[in-house]
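First to last, the sequence lines map onto chains P and Y. Under the working numbering, think of the first position of the first sequence as 1, with each following residue one higher. Under the working numbering, think of the first position of the second sequence as 1, with each following residue one higher.
There are no misleading hints in this set.
Derived list of chain P stretches under chain Y, where covered just means 3 residues or more per stretch with a C-beta under 8 Å from a C-beta of chain Y:
| id | segment |
| --- | --- |
| 1 | 24-34 |
| 2 | 301-311 |
| 3 | 375-382 |
By construction, these hints were calculated from the structure, which means they are not laboratory data. Even glycine gets a Cβ: it sits at the ideal position worked out from N, Cα and C.
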Amino acid sequence: MTKIHLMLKTHQPRRINEYSFFDLGKHKSYFNEGLNRIIIQRIAENCYLPTIKLLKRLIKESQHTFKFSLSISGTTIDQLEKYRPDIILKFLELISTGNVEVLNEPYYHSLAYFYSKDEFFSQVELHRKKIKDLFNVEPVTFVNTELTYNNQIGVDLFNLGFKGILAEGAEWALRGANSDYEYFAKDADLNVFFRNHGLSNDVVYRFSDKSREYYPLKPSIYYKWLLKPTGDILNLFWDFETFGEYHKKESNIFSFLEKLIKKITKSRNLEFAKFSETMRKSTEINRINIPQTVSWADQEKDLSAWRSNAMQYEALVRIYELEKQVKELHDPEILKTWRNLQTSDHFYYMSTKGFTDGAILNYFSPFLTPHDAYRYYMNVLSDFEIMINKTIYSNSLHKN
Amino acid sequence: MKKHKVLMLGWEYPPFINGGLGIACAGLCEALSQFSEITLIVPKILQRQPNKNIQIIGLNRLNEEYIEETIVEHESHDSHEVYKIDVQLNPYHVEQNEVVEKIPSHKITAKIETRQKFGLEEKIDFENLYGNDVIQKVIYYSELIKKISSHFDFELIHAHDWMTFLAGVELKKMTEKPLILHVHSLDYDRAGSDSRGWIYDMERSALHQADLIMPVSNYTGSILTSHYGISKNKIKTIHNGIGNSIQSFRKEKTFPEKMVLFIGRLTGQKGPEYFLDIATKIYRKFKNVRFVIAGTGEKLTHLLEDGAYRQIGNRVHFTGFIDREKINELLSMADVYCMPSVSEPFGLTALEAAQFGVPTVISERSGVAEVLSGSLKADFWDIDLMVEHILKLLSDNKTREKVIHQNNKALEKLTWLNAAKSVAEAYEMILNK
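Looking at chain P on its own, in the form it has when it is part of the complex (with noise of 0.2 Å):
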């Protein structure tokens, strides 16, 4: 039996604003909190209400056998609380069925990794902690942000006391190693679980591509296509906003995920298992040597989809030498203000790979080029560095 690792995954940035350099000093709100209001509401009735309420409905008919693992960015969750706390519950009552493994991760989709490990730790333990709060599980597997990996995150989250980690199933990081076999980290004692990126994109990206051949994708045909790796394990990750989001609900995609976890649950030879419950010693399995970083984003699968051009190294140099000024102020707001702003997201859309002037609009970015990206992403950490040192002067006042 080859069990099945199906993972989805949930992310919202907070989207900034159009901060324009005539509001620098003004303090004026960072976040375009009407975007991200309107985005979060259609999400969550696009694709989180639709979709939990599914996948609850087949965990109870397949008699517990549906099992999935379950990544939700802490970013994403402020946004739930504020705008739609009855998702929260649908999450809750989702969790409670037992048959969910939810991932830890760092809070707020951060690259602090590679900037920072202490803002790192502080993440995973902001995000840890919310996770136990809310949905009463105490995760033992990681997923970094966008499911980057090296041998270094291996040993770190180790010594977190995590038993498994997640990473992207790159082939040039594995260099011919098949990534449906279970792998230990080089230098630590942690399961490594590598996505099947070719059957995972199947559903996440190319659902509804008109111009391949087996369009629309039948769940029969995709069924067929799990059956051919040869592997012990079958890792498939898919954004959760897969569901109604990416594709519309016209698409057929419900349907689709129903009818193949339907199948699947029936199957002689593919069972779904969390990760938590196939996770195995050393002496059973290879370790794996994973120097570069690895990551899920575009052709490179690299760290090139945030740190490619100067636009991004200089913000995201700039953001985290902030780290000891904010953290010195023991002021939650601000401390929050600047976890919001490391969000990945922001970075991506500073990306000029496939950019020129303007012809391909980056889909996921609020923002019509990068260079307006970065612009107001500059002008809002100018204004932000403008208020810490403000408090910093003020707080030195109170102390005399």
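The hints should help you fit chain Y onto chain P, whose structure is shown.
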């Protein structure tokens, strides 16, 4: 002095302005109307302006009376034989119904009647005064001017910048009235010393045919002699004045750092890259400062990336395109105005900065450098000297006050009235030749 009748050819008129040209043209005409009778023809006006001093004709508001068939009389003083040949190439789309095929050689002056018919259906839209088809617009403008000029009584022609030079030259040929070309900017300023092509050729040819050329600065005059081969005797510099329509004010900045300001189109001519160099060097020595680059242009994305590469993106702010009100707001907040232009015929913004009491650091290669006597100057490429000037103004109040004071004094002299007086004198001189 007699009030001479002048036909003024312009391209921009407020509120339809793209840069300093429209402002300068309007400012000059207004003041000049005391000394001359002006008819100004521009492609586009907002409405028929009831201006008792100046008759302003907007081609977009032309009356039918001008458009209908008119008879234009060509006078020829030559006694050559003229033959009609059938040519396909007819750039002006003018139907010539009657052509005298042969001018009797014994006549010293022959009058040729040409009936011109203008197809209104071919009217070019002046919605956008520039754009890719600016050359067609220039030709069309010149055609229309020839067509309607017989309705006006004038002694001389005064044309502003290359867009109207063709019309000026055509009118001169037609009427044999003296032609004055007013140069606010040259193709050389925009394209550098490599400047060539239709615009340059037309500019050059017109300049050589003109009776008098009025550059807005000695700097532009020197380009006319060196790059266009114009004789110095034909050149008379008329420095722009500055209107007092802007009410300057000071505004508290909302951030504690000093502010160094650049305003201009983000093109090579304005030197925004040099400004970035300057900013980088200053920030290395002096942290308490922010730089603002206001305006947009083809270099915007490149400059943004360059600023990021130098890791000063948190101190160099790009406003993108901004309107007049926002420009005034920037001027009211700035501590130093810097204009590192590679070639700036005049540089109106520097005067505006001075009006707002902002000390100015400007390129030697600019017209304002000749008149704004308080300004600290440097060659646009001399980053170190620019940096030294700016740092001095940011840190030394005495220098700062001195620059502002001297600029204020210079501003007092820089009136459109003074400019208009010189222009009127030039008219007198040309007509009495």
